[in-house]
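**Student:** Each chain, written out:
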Amino acid sequence: MNVTKVLDAKGLACPMPVVRARKTMKEMETGEILEIFTTDKGSVADLTAWAKSSGHEMVDQKEDTGVFTFWIKKG
Amino acid sequence: MSETKKTTIVLFSGDYDKAMAAYIIANGAAAYDHEVTIFHTFWGLNALRKEDHVPVKKGLLEKMFGKMMPRGADKMGISKMNMAGMGPKMIKHVMKKHNAMTLPQLIELAQEQDIKLVACTMTMDLLGLDQAELLEGIDYAGVAAYLADAQDGNVNLFI
Numbered sequence: 001m002n003v004t005k006v007l008d009a010k011g012l013a014c015p016m017p018v019v020r021a022r023k024t025m026k027e028m029e030t031g032e033i034l035e036i037f038t039t040d041k042g043s044v045a046d047l048t049a050w051a052k053s054s055g056h057e058m059v060d061q062k063e064d065t066g067v068f069t070f071w072i073k074k075g
Numbered sequence: 076m077s078e079t080k081k082t083t084i085v086l087f088s089g090d091y092d093k094a095m096a097a098y099i100i101a102n103g104a105a106a107y108d109h110e111v112t113i114f115h116t117f118w119g120l121n122a123l124r125k126e127d128h129v130p131v132k133k134g135l136l137e138k139m140f141g142k143m144m145p146r147g148a149d150k151m152g153i154s155k156m157n158m159a160g161m162g163p164k165m166i167k168h169v170m171k172k173h174n175a176m177t178l179p180q181l182i183e184l185a186q187e188q189d190i191k192l193v194a195c196t197m198t199m200d201l202l203g204l205d206q207a208e209l210l211e212g213i214d215y216a217g218v219a220a221y222l223a224d225a226q227d228g229n230v231n232l233f234i
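As you go down the protein sequences, you meet chains A and B in turn.
Residue numbers for the first sequence follow my numbering, beginning at 1 and rising by one.
Residue numbers for the second sequence follow my numbering, beginning at 76 and rising by one.
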């Protein structure tokens, strides 16, 4: 996957992952992909809902030993 | 994306935990690109107080109110298990452990995210709070200004 920007939100609690995601996304162009790392369990539902509501596309996500990774395409 | 959505919150409570919930929702809504207003009234005004004592000429009752109410977000008590101030110490310890943002940090973040912080002027008079005692960069208004925001609000909360 062609990742344009990476956001490390590991260790951050609600609402920071979404707040940072939005801030980073603002600096990006449509179609570019943002890779986000989090450890907050709520961030799975949060980022999915946020991406949908903000018109972005959740391309893929995975979990590996407590670290969640998301790839979101800017819409 | 469609037109900008709006979130409004009335913060009536002067409890640290309730104010935290209000500010987390507000910051989350700002991340959703909502236009966010927090209208502070009654005890919720204490979240906007400066920590330092600001000398203002006041009547006796107003002075007493000023002394008895918490000066700033960090001094507020919690709604359950306050235990004369032990509760807030404990919860702040746990918050640090879990990397949660403190209330003063959440308020700072709200200002960074251009959330409109409004102080209700009528209750400021009742509690004897002066503009000089409240944070910089906030708005002052009454019920009509709140309703103007709330009537087009997609999310309206009273906390």
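Treat the hints as calculated values from the structure; they're not laboratory data.
Keep in mind that a hint or two might mislead.
Straight-line distance between alpha carbons at most 16 angstroms, and here's what the computed EDC-like set of lysine to aspartate or glutamate pairs gives [unchecked claim]: (1) A:LYS26 to B:GLU187; (2) A:LYS74 to A:GLU63; (3) B:LYS150 to B:ASP127; (4) A:LYS62 to A:GLU32; (5) B:LYS142 to B:ASP205; (6) A:LYS74 to B:ASP108; (7) A:LYS10 to A:GLU29; (8) B:LYS164 to B:ASP224; (9) A:LYS26 to B:ASP200; (10) B:LYS80 to B:ASP189; (11) A:LYS52 to B:ASP205; (12) B:LYS125 to B:ASP149; (13) B:LYS191 to B:ASP108; (14) B:LYS150 to B:ASP92; (15) A:LYS23 to B:ASP108; (16) B:LYS191 to B:GLU110; (17) A:LYS23 to B:GLU126; (18) B:LYS133 to B:ASP200; (19) A:LYS23 to B:ASP189; (20) A:LYS74 to A:GLU35; (21) B:LYS191 to B:ASP224; (22) A:LYS26 to B:ASP108; (23) A:LYS10 to A:GLU57; (24) A:LYS52 to A:GLU63.
**Student:** Hint by hint, say whether it matches the structure.
**Tutor:** Verification of the supplied hints:
no. : hint                 : in the structure
1   : A:LYS26 to B:GLU187  : holds (15 angstroms)
2   : A:LYS74 to A:GLU63   : violated (21 angstroms)
3   : B:LYS150 to B:ASP127 : holds (12 angstroms)
4   : A:LYS62 to A:GLU32   : violated (19 angstroms)
5   : B:LYS142 to B:ASP205 : holds (13 angstroms)
6   : A:LYS74 to B:ASP108  : holds (14 angstroms)
7   : A:LYS10 to A:GLU29   : violated (24 angstroms)
8   : B:LYS164 to B:ASP224 : violated (36 angstroms)
9   : A:LYS26 to B:ASP200  : violated (41 angstroms)
10  : B:LYS80 to B:ASP189  : holds (14 angstroms)
11  : A:LYS52 to B:ASP205  : violated (43 angstroms)
12  : B:LYS125 to B:ASP149 : holds (10 angstroms)
13  : B:LYS191 to B:ASP108 : holds (13 angstroms)
14  : B:LYS150 to B:ASP92  : holds (12 angstroms)
15  : A:LYS23 to B:ASP108  : holds (10 angstroms)
16  : B:LYS191 to B:GLU110 : holds (8 angstroms)
17  : A:LYS23 to B:GLU126  : violated (30 angstroms)
18  : B:LYS133 to B:ASP200 : holds (11 angstroms)
19  : A:LYS23 to B:ASP189  : holds (13 angstroms)
20  : A:LYS74 to A:GLU35   : holds (11 angstroms)
21  : B:LYS191 to B:ASP224 : holds (11 angstroms)
22  : A:LYS26 to B:ASP108  : holds (11 angstroms)
23  : A:LYS10 to A:GLU57   : violated (21 angstroms)
24  : A:LYS52 to A:GLU63   : violated (20 angstroms)
The structure shown violates the earlier hints numbered 2, 4, 7, 8, 9, 11, 17, 23 and 24.
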